[in-house]
Amino acid sequence: DGGITQSPKYLFRKEGQNVTLSCEQNLNHDAMYWYRQDPGQGLRLIYYSQIVNDFQKGDIAEGYSVSREKKESFPLTVTSAQKNPTAFYLCASSWTGEGYEQYFGPGTRLTVT
Amino acid sequence: ELKVEQNPLFLSMQEGKNYTIYCNYSTTSDRLYWYRQDPGKSLESLFVLLSNGAVKQEGRLMASLDTKARLSTLHITAAVHDLSATYFCAVETHTGNQFYFGTGTSLTVIP
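So the sequence lines, in the order shown, correspond to chains A and B. So the first sequence is residues 2 to 114, counted in the numbering used here. So the second sequence is residues 38 to 148, counted in the numbering used here.
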């Protein structure tokens with residue numbers, strides 16, 4: 002089955018530690034995205050990538066880093082510089098160009114204490 | 038930055054009733070998307086609206102787009118409990134592939 006997988010589903014970390022969230026897709030999509038969702042709020046774009054080895058910052062990129070070494074994979078690292086990392090993180094992918102909907106993974110809930 | 042506003046933010050309605058959710062956005066775009074999110078879950082695509090006047094219907098939900106007014110609506114007809122969820126609209130920018138999401142409308146359908 003084609004789709005987007007994210008792992009782990011739940012992640013707990015101590016403050017000051019970096020953590021990497023996995024996102025893999027087998028939809029052959031060129032574009033991939035990372036969003037952050039806080040309780041009762043909409044999605045905010047962290048980073049996106051439209052092609053391998055290239056990515057752009059979204060509105061809230063500070064404290065996060067990404068890589069796009071393979072078309073299928075777009076891991077997100079939450080660094081210790083991110084002041085409020087506890088949130089629900091959603092990965093999405095789509096075809097490039099205009100008018101293509103995004104398909105979302107199941108999400109990773111990160112809790113940092 | 039493109040702003041996307043939804044209202045109402047919270048909606049409690051009785052089964053069998055009709056209601057409309059509104060999505061206003063601040064810049065020119067003719068590409069708007071509606072998604073559904075169940076509690077603790079991911080987002081599921083509902084509608085893709087790609088031109089002024091576009092109307093899409095699926096079951097008890099109907100979405101429309103007025104690009105001149107920068108407004109999309111999601112109309113619920115004869116609500117049922119299974120429609121309880123949070124609904125998001127998202128606007129795509131002309132620079133390509135970047136989406137801005139509304140704050141969501143949390144819908145609860147009461148028997």
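These aren't lab readings, by the way, just hints derived from the structure by calculation. A portion of the hints provided could be inaccurate.
Here are the simulated PhoX-like pairs of lysine-lysine, each with C-alpha atoms no more than 20 Å apart in a straight line [as the list claims (entries may be wrong)]:
hint : chain 1 : residue 1 : chain 2 : residue 2
1    : A       : K58       : B       : K40
2    : A       : K58       : A       : K72
3    : A       : K15       : A       : K71
4    : A       : K58       : A       : K71
5    : B       : K40       : B       : K105
6    : A       : K10       : B       : K78
Interface residues of chain B toward chain A, partial, derived using beta-carbon atoms under 10 Å [as the list claims (entries may be wrong)]:
hint : residue
7    : E38
8    : Y59
9    : N61
10   : Y72
11   : S79
12   : E81
13   : F84
14   : N89
15   : A127
16   : S143
17   : I147
Stretch-level coverage of chain A by chain B, calculated; a stretch enters the list once three of its residues show a Cβ under 8 Å from a Cβ in chain B [as the list claims (entries may be wrong)]:
hint : stretch
18   : 32 to 43
19   : 75 to 88
20   : 95 to 105
Only a predicted model underlies this, so the values are computations on that prediction, with no experimental measurement involved. Just so you know, even glycine gets a beta-carbon here, dropped at the ideal spot from N, CA and C.
Structure-based check of each hint:
1. As the CA atoms of K58 of chain A and K40 of chain B are separated by approximately 18 Å, the hinted pair is consistent with the 20 Å bound.
2. Simply put, K58 of chain A and K72 of chain A have alpha-carbon atoms about 18 Å apart, close enough for the 20 Å limit, and the pair holds.
3. For the hint linking K15 of chain A to K71 of chain A, the alpha-carbon distance of about 29 Å lies beyond 20 Å, and the restraint is violated.
4. Note on K58 of chain A and K71 of chain A: the hinted pairing holds, with a Cα-Cα distance of about 18 Å set against a maximum of 20 Å.
5. The hinted pair formed by K40 of chain B and K105 of chain B meets the criterion: a straight-line CA distance of about 16 Å does not exceed 20 Å.
6. For a cut-off of 20 Å, the pair hint linking K10 of chain A to K78 of chain B stands: about 11 Å separates their Cα positions.
7. Restraint check, E38 of chain B versus chain A: the minimum CB separation of about 7 Å is within 10 Å; hint holds.
8. Taking 10 Å as the C-beta cut-off, the interface hint given for Y59 of chain B is violated, the closest approach to chain A being about 15 Å.
9. Among the interface hints, the one on N61 of chain B is violated; its C-beta lies about 14 Å from the nearest C-beta in chain A, farther than the 10 Å criterion.
10. At its closest, the beta carbon of Y72 of chain B sits 8 Å from a beta carbon of chain A; the interface hint therefore holds under the 10 Å criterion.
11. The beta carbon of S79 of chain B is positioned within 10 Å of a beta carbon in chain A (closest approach about 5 Å), and the interface hint is therefore held.
12. This hint holds: E81 of chain B has a C-beta 8 Å from the nearest C-beta of chain A, less than the 10 Å allowed.
13. With its C-beta approaching chain A no nearer than about 9 Å, F84 of chain B sits inside the 10 Å limit, and its interface hint holds.
14. Residue-level restraint check for N89 of chain B is violated (minimum Cβ-Cβ distance to chain A is 14 Å; threshold 10 Å).
15. Checking A127 of chain B against chain A by beta carbon gives a least distance of about 8 Å; that is within 10 Å, so the hint holds.
16. This hint holds: S143 of chain B has a C-beta 8 Å from the nearest C-beta of chain A, less than the 10 Å allowed.
17. At about 20 Å, the closest approach between the beta carbon of I147 of chain B and any beta carbon in chain A exceeds 10 Å, and the interface hint on this residue is violated.
18. Restraint check on the stretch 32 to 43 of chain A versus chain B: 6 residues with Cβ-Cβ distances below 8 Å, three needed, restraint holds.
19. Counting residues of the stretch 75 to 88 of chain A whose CB lies closer than 8 Å to any CB of chain B gives 0, so the stated coverage by that chain is violated, three being the minimum.
20. Residues of the stretch 95 to 105 of chain A lying with their CB closer than 8 Å to a CB of chain B number 10, which satisfies the three-residue condition for coverage.
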